[in-house]
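Chains as they are written, first to last, in my numbering: chain A, 1 to 247; chain B, 1 to 247.
Treat the hints with care, since some could be wrong.
Because identical chains cannot be distinguished in the list, a pair is counted as satisfied if it fits within a single copy or across any two copies.
Listed next, the in silico BS3-like pairs over lysine-lysine satisfying Cα-Cα at most 25 Å (straight line) [stated by the list, open to error]:
| id | residue 1 | residue 2 |
| --- | --- | --- |
| 1 | Lys95 | Lys132 |
| 2 | Lys105 | Lys228 |
| 3 | Lys95 | Lys184 |
| 4 | Lys105 | Lys95 |
The set of hints was computed from the structure by calculation and includes no laboratory data. Nothing here was measured: the structure is a model prediction, and the numbers come from that model.
So the chains spell out like this:
There are 2 protein chains.
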Amino acid sequence: MSKACVIIIGNEVLSGRTQDANLAFLGERLNEIGVRVAEARVIADDTDVIIATVNECRARYDYVFTTGGIGPTHDDITSAAIARAFGVELYRDQKIVDLFLQHYKPEELNEERLKMCDFPIGASLIENPISKAPGYQVENVFVLAGVPVIMQAMYEALKDRLVGGRPMHSRTVIAYTGEGVLAKGLGAVQLVHSGVEIGSYPFFRQGRLGSALVVRGADEDALEAATKAVRDLVEGLGVEHHDELST
Amino acid sequence: MSKACVIIIGNEVLSGRTQDANLAFLGERLNEIGVRVAEARVIADDTDVIIATVNECRARYDYVFTTGGIGPTHDDITSAAIARAFGVELYRDQKIVDLFLQHYKPEELNEERLKMCDFPIGASLIENPISKAPGYQVENVFVLAGVPVIMQAMYEALKDRLVGGRPMHSRTVIAYTGEGVLAKGLGAVQLVHSGVEIGSYPFFRQGRLGSALVVRGADEDALEAATKAVRDLVEGLGVEHHDELST
Chain A
1 MSKACVIIIG NEVLSGRTQD ANLAFLGERL NEIGVRVAEA RVIADDTDVI IATVNECRAR
61 YDYVFTTGGI GPTHDDITSA AIARAFGVEL YRDQKIVDLF LQHYKPEELN EERLKMCDFP
121 IGASLIENPI SKAPGYQVEN VFVLAGVPVI MQAMYEALKD RLVGGRPMHS RTVIAYTGEG
181 VLAKGLGAVQ LVHSGVEIGS YPFFRQGRLG SALVVRGADE DALEAATKAV RDLVEGLGVE
241 HHDELST
Chain B
1 MSKACVIIIG NEVLSGRTQD ANLAFLGERL NEIGVRVAEA RVIADDTDVI IATVNECRAR
61 YDYVFTTGGI GPTHDDITSA AIARAFGVEL YRDQKIVDLF LQHYKPEELN EERLKMCDFP
121 IGASLIENPI SKAPGYQVEN VFVLAGVPVI MQAMYEALKD RLVGGRPMHS RTVIAYTGEG
181 VLAKGLGAVQ LVHSGVEIGS YPFFRQGRLG SALVVRGADE DALEAATKAV RDLVEGLGVE
241 HHDELST
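Generate coordinates for the entire structure from the input sequences, incorporating the hints supplied.
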């Protein structure tokens with residue numbers, strides 16, 4: 001199974017002003033094609049930090065996805081940093097300039113907007129059907145917008161470039177009791193069913209305490225067998241439970 | 001200004017099943033006491049990864065906050081990993097066992113629940129008024145629960161231990177136009193007002209395109225002057241705008 005790292009670039013996420021939504025989207029969608037997000041980092045709008053993080057992560061993972069910092073303003077520094085991370089210069093892409101001229105009057109196409117036509121030499125562009133300014137790929141690094149609707153459209157445009165593996169599936173059993181009641185039995189089920197991953201996540205929902213028991217695996221038969229064992233455990237303890245719809 | 005790193009431990013966040021809410025909370029609340037979250041990492045439930053990440057980050061930042069993995073189930077491996085990161089053993093805290101005995105019948109206090117009474121030797125405990133099982137501090141590392149309501153209560157219990165600096169304040173001007181229109185002027189304002197940070201974040205809200213222009217800084221006078229310059233810029237371009245309530 002391929003492994004990926006998501007790098008979220010943006011002071012606004014670190015300050016708590018903006019709630020990131022891109023990691024959850026990428027985690028789910030990559031999972032569907034058998035690419036596992038193994039790590040994510042949220043980093044500041046700082047050129048040296050971006051360069052160091054991208055270079056560390058692209059060496060360690062099959063794929064790296066960055067989000068944020070490719071717009072026209074002074075705080076959009078991702079492309080300059082990516083170019084430096086790969087030791088190349090930026091070039092201005094005339095095809096994208098021409099594309100912009102279909103959407104902006106010439107007097108609107110100022111130098112700041114033209115910055116969005118600059119890419120690291122060797123980049124393979126990723127179409128942006130929403131606001132036109134493309135994302136791009138350099139080797140195993142995919143550079144995407146931070147605005148979720150645009151990032152998602154870019155993902156649709158790039159996903160055929162990815163080589164995944166068997167997708168992970170999951171089943172979730174909701175049990176209305178604390179984890180401490182289930183922990184021993186659950187650990188035993190995990191030991192027997194070592195081909196799947198069993199996670200336990202406590203929750204408070206509408207005033208009720210419960211545990212979401214999530215079984216994940218690529219093999220459907222192993223998944224069903226382990227999920228049945230979890231259901232039997234909960235049933236045997238006389239705990240109210242139900243299955244949750246999942247992928 | 002002190003710098004902090006948030007380490008979010010949990011496969012469920014990487015898979016997209018769970019949307020993290022702890023980073024935004026910590027980013028905002030630490031900011032209020034002059035501690036800046038400079039980086040965040042989301043990592044898997046993997047002992048070696050937890051050890052390596054905690055050791056790297058505790059050397060690099062003034063404070064490290066981990067969330068997740070301190071419950072009673074087999075996938076709760078944070079405390080064992082933290083102990084190994086610091087090269088110490090776990091000990092069972094009798095005061096917490098006694099506390100648990102006020103909340104559980106003796107037969108309910110199984111070995112799995114007792115796991116939540118185990119802490120790295122030398123840890124300073126952090127009260128959990130919600131579900132009793134404490135978080136703890138080892139040196140500059142604060143180990144907190146993953147469930148947001150519990151994590152937040154633990155933060156209230158630990159915050160007086162932190163030494164911060166001047167809090168960062170922010171002002172936000174909402175301008176109903178694309179970033180490309182504002183970029184040149186905004187870059188000029190940033191150059192003149194170098195004591196503050198100006199961020200520009202595009203949005204689509206109720207079908208309207210706009211830019212949130214966020215000015216951040218510790219000095220109120222510098223903040224007001226820069227915000228006025230941003231307002232004047234937008235006004236001068238004839239763009240509809242309004243201030244947004246902020247901290």
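Hint by hint, here is what the structure shows:
no., hint, result
1, Lys95 with Lys132, "within (12 Å within a copy, 61 Å between copies)"
2, Lys105 with Lys228, "neither (62 Å within a copy, 30 Å between copies)"
3, Lys95 with Lys184, "between (61 Å within a copy, 23 Å between copies)"
4, Lys105 with Lys95, "within (16 Å within a copy, 72 Å between copies)"
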